[in-house]
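There are 2 protein chains.
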Amino acid sequence: MNIKIAIFEDNKLIREALQTIINNTDDMLCTATFSNVNQVEDDIEFNRPDVVLMDIEMPGRTGIEATRIIKEKSPHIKVLIQTVFNDNEKIFNALCAGASGYILKSDSPEKILQSLREVHSGGGPMSASIASKVLQFFVRQNVILVEPNTTNCDLSEREKQILAFMVEGLNYLDIADKAFISYETVRTHVKHIYKKLHVACRSEAILKARQQGIV
Amino acid sequence: MNIKIAIFEDNKLIREALQTIINNTDDMLCTATFSNVNQVEDDIEFNRPDVVLMDIEMPGRTGIEATRIIKEKSPHIKVLIQTVFNDNEKIFNALCAGASGYILKSDSPEKILQSLREVHSGGGPMSASIASKVLQFFVRQNVILVEPNTTNCDLSEREKQILAFMVEGLNYLDIADKAFISYETVRTHVKHIYKKLHVACRSEAILKARQQGIV
DNA sequence: TGGTAAATAACCCATTGGGGGATTTTTACT
DNA sequence: AGTAAAAATCCCCCAATGGGTTATTTACCA
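Quick note, the sequences are listed as chains A and B, same order. Sequential numbering of the first sequence, starting at 1, is according to UniProt numbering. Sequential numbering of the second sequence, starting at 1, is according to UniProt numbering.
Hint data in this document are derived by calculation from the structure and do not stem from the laboratory.
Derived DMTMM-like pairs: lysine to aspartate or glutamate, alpha-carbon spacing no greater than 20 angstroms straight-line:
hint: 1; chain 1: A; residue 1: Lys195; chain 2: B; residue 2: Glu72
hint: 2; chain 1: B; residue 1: Lys191; chain 2: A; residue 2: Glu204
hint: 3; chain 1: A; residue 1: Lys195; chain 2: B; residue 2: Glu65
hint: 4; chain 1: A; residue 1: Lys191; chain 2: B; residue 2: Glu204
hint: 5; chain 1: B; residue 1: Lys4; chain 2: B; residue 2: Glu118
hint: 6; chain 1: A; residue 1: Lys191; chain 2: A; residue 2: Glu168
hint: 7; chain 1: A; residue 1: Lys196; chain 2: B; residue 2: Glu72
hint: 8; chain 1: A; residue 1: Lys195; chain 2: B; residue 2: Glu204
hint: 9; chain 1: A; residue 1: Lys196; chain 2: A; residue 2: Asp154
hint: 10; chain 1: B; residue 1: Lys111; chain 2: B; residue 2: Glu16
hint: 11; chain 1: A; residue 1: Lys105; chain 2: A; residue 2: Glu118
hint: 12; chain 1: A; residue 1: Lys196; chain 2: B; residue 2: Glu65
hint: 13; chain 1: B; residue 1: Lys191; chain 2: B; residue 2: Asp154
hint: 14; chain 1: B; residue 1: Lys196; chain 2: A; residue 2: Glu65
hint: 15; chain 1: B; residue 1: Lys195; chain 2: A; residue 2: Glu204
Kindly generate the complete structure, drawing on both the sequences and the hints.
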């Protein structure tokens with residue numbers, strides 16, 4: 001029943017402190033600790049934790065790379081990133097790598113334990129101040145490029161069909177065959193689709209289609 | 001020198017209260033107030049504010065639509081969204097529409113004035129609790145689709161130059177002129193860039209370049 | 001000193017995208 | 001019912017893009 005936790009942390013003192021804290025908690029068990037992520041694939045393979053507490057800064061491979069590897073191999077394992085830094089881009093990268101939550105090392109033990117429980121139950125704990133900065137970073141960096149469901153979906157049924165074929169990777173000729181219309185008609189539809197979606201090329205249209213669930 | 005502010009707010013009491021607060025502040029001037037956004041194009045055209053204080057919920061066209069229109073026509077105008085709601089999706093949509101910041105109507109006048117100054121100077125004020133919720137919403141909704149800095153940046157200096165020209169919107173011929181090389185060489189570089197960035201077309205390359213700060 | 005990477009350049013060819021224009025069918029609205 | 005708008009269909013022209021291949025020169029590194 002206990003939450004099985006693995007710790008990746010290069011600092012021995014911190015590592016052992018975390019282990020002690022976790023093992024003195026009723027509903028948790030620290031089943032393994034590691035001082036680096038160089039064998040993270042094997043470590044995870046053999047240890048099978050529920051949650052990984054991951055230091056973002058480590059000698060050799062970083063915690064972000066390790067997070068990506070873990071989430072690729074075992075998407076069900078939650079990763080809680082822990083760091084001394086408050087670096088928007090690092091946090092951003094960690095989130096992209098699949099981290100479930102993000103806490104600071106300065107957070108209290110109670111906060112850490114609570115965050116471990118939260119990620120385990122599917123939540124995404126993150127200190128509000130961190131979240132605010134990251135969001136601003138997103139907006140500034142134009143990471144948020146999705147136009148939400150407003151201007152689109154005035155695609156006609158036929159246009160949606162054509163777009164779906166495009167998402168499948170078909171070229172105009174193949175789409176023409178599948179849709180029983182001429183090559184030129186496909187092109188006309190595609191032009192209309194681009195205008196309505198405000199895109200200029202195929203891959204942008206596909207991106208939007210996916211993001212907005214038009215397909 | 002004053003920050004010129006336009007208010008869009010359907011509630012007359014709130015609208016006039018905001019106007020009074022702003023006009024009693026040294027560095028700000030409320031140059032116009034509107035009870036709806038149905039003529040927002042013209043309103044902005046004639047009024048030319050620095051910052052727009054926008055109610056998200058209004059009869060007729062919503063503040064989100066208005067925000068998108070404003071940012072399309074006048075990207076330099078900052079929009080500060082104000083609402084009684086704390087709805088992740090609404091906030092998300094507002095951000096996508098180009099809003100610079102997001103505050104609650106329950107925020108104090110001081111907070112509102114401070115936020116107006118922040119957006120005007122390029123910041124993105126947002127209550128930390130709102131940001132946290134929105135971020136979690138993003139992660140859950142898989143809005144964040146960006147592959148962070150992993151495989152790229154092995155671009156050569158020359159390739160980065162070419163990519164920068166592409167970001168500026170130049171075509172092959174113009175890039176060739178600017179870089180003092182032949183059209184064909186530009187094309188060769190571009191092909192290499194695409195391979196290294198794992199993209200298949202110009203706009204994808206530009207997207208990655210922006211997101212990963214290669215430019 | 002030989003191999004590798006980068007920069008340069010050229011060729012061929014298919015596909016794509018943008019600009020028109022045109023006709024017919026369907027839908028919608030008065 | 002009649003008309004206007006939108007959708008669907010088709011065609012042409014042409015510039016730009018993307019992929020592949022090959023080749024030469026330079027520079028650097030092991």
